[in-house]
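> Sequence:
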Amino acid sequence: MKNKKSGSENKEFHHRPTIKDNTTSTKNLPKVTLFDNNFSNIQKDEETSEPLKHVNLIFTWDLYEQIVKFSKKSETTVTNVIIDSIKQYLTQKTESMKVKKIKTENYRIRKRTFWRRA
218 MKNKKSGSEN KEFHHRPTIK DNTTSTKNLP KVTLFDNNFS NIQKDEETSE
268 PLKHVNLIFT WDLYEQIVKF SKKSETTVTN VIIDSIKQYL TQKTESMKVK
318 KIKTENYRIR KRTFWRRA
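To convert a position in the sequence shown, counted from 1, into our numbering, add 217.
One or more hints might be untrue.
Distance windows between CB atoms, simulated [as the list claims (entries may be wrong)]:
#1 S291 with K320: 34 to 42 angstroms
#2 F287 with M314: 25 to 33 angstroms
#3 S291 with T321: 34 to 42 angstroms
#4 K318 with D279: 29 to 37 angstroms
#5 D279 with L307: 20 to 28 angstroms
#6 W278 with F331: 50 to 58 angstroms
#7 L280 with F331: 46 to 54 angstroms
#8 F276 with Q309: 42 to 50 angstroms
#9 I303 with W278: 16 to 24 angstroms
#10 K286 with R329: 50 to 58 angstroms
#11 R325 with D279: 38 to 46 angstroms
#12 Q305 with D279: 16 to 24 angstroms
#13 R325 with S302: 30 to 38 angstroms
#14 I326 with Q305: 41 to 49 angstroms
In case anyone wonders, no lab produced these hints; they're calculated from the structure. A virtual CB, placed ideally from N, CA and C, is assigned to each residue, including glycine.
When you get a sec, could you build the whole thing from the sequences and use the hints?
As structure tokens, this is what we get:
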């Protein structure tokens, strides 16, 4: 298909195919910094925030896409979804650490009382 508006007969242009059902809109996504595989070359962008750089290191794009879909369904921001999930993870981690500490302390007390009886 030749571009007739430019006056040049040699230029060709092709329309990109659009699939409206299977794409994630990127107009609401934050600006993202790109990282090399070795993380030594960071393209710096003054508008990106420091936490966003760390988020890029933590999540893969597939997981980030799922987070975006979930945030749209729950009508919250991506940042709030990430913060809530990190809070939930840390709460579970600290609770499991407390339970483990209590179990080891309980084991030590039982061990001491067993040896005192004998």
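> All the hints need checking, so say for each whether the structure fits it.
For each hint, the structure was consulted:
1. S291 with K320: 34 to 42 angstroms: About 36 angstroms separates the Cβ atoms of S291 and K320, which means 34 to 42 angstroms holds.
2. F287 with M314: 25 to 33 angstroms: holds, 27 angstroms
3. S291 with T321: 34 to 42 angstroms: holds, 39 angstroms
4. K318 with D279: 29 to 37 angstroms: holds, 36 angstroms
5. D279 with L307: 20 to 28 angstroms: Once the Cβ atoms are compared, 23 angstroms apart, the range 20 to 28 angstroms for L307 and D279 holds.
6. W278 with F331: 50 to 58 angstroms: Since the Cβ atoms of W278 and F331 sit about 55 angstroms apart, the hinted range of 50 to 58 angstroms holds.
7. L280 with F331: 46 to 54 angstroms: holds, 48 angstroms
8. F276 with Q309: 42 to 50 angstroms: About 18 angstroms separates the Cβ atoms of F276 and Q309, which means 42 to 50 angstroms is violated.
9. I303 with W278: 16 to 24 angstroms: holds, 19 angstroms
10. K286 with R329: 50 to 58 angstroms: Distance hint for K286, R329 holds at roughly 54 angstroms.
11. R325 with D279: 38 to 46 angstroms: Holds: the Cβ-Cβ distance is about 45 angstroms, inside 38 to 46 angstroms.
12. Q305 with D279: 16 to 24 angstroms: The hint (16 to 24 angstroms, Cβ to Cβ) holds, given that Q305 and D279 are roughly 20 angstroms apart.
13. R325 with S302: 30 to 38 angstroms: holds, 35 angstroms
14. I326 with Q305: 41 to 49 angstroms: Taking Cβ atoms as reference, I326 and Q305 lie about 32 angstroms apart, which means the hint is violated.
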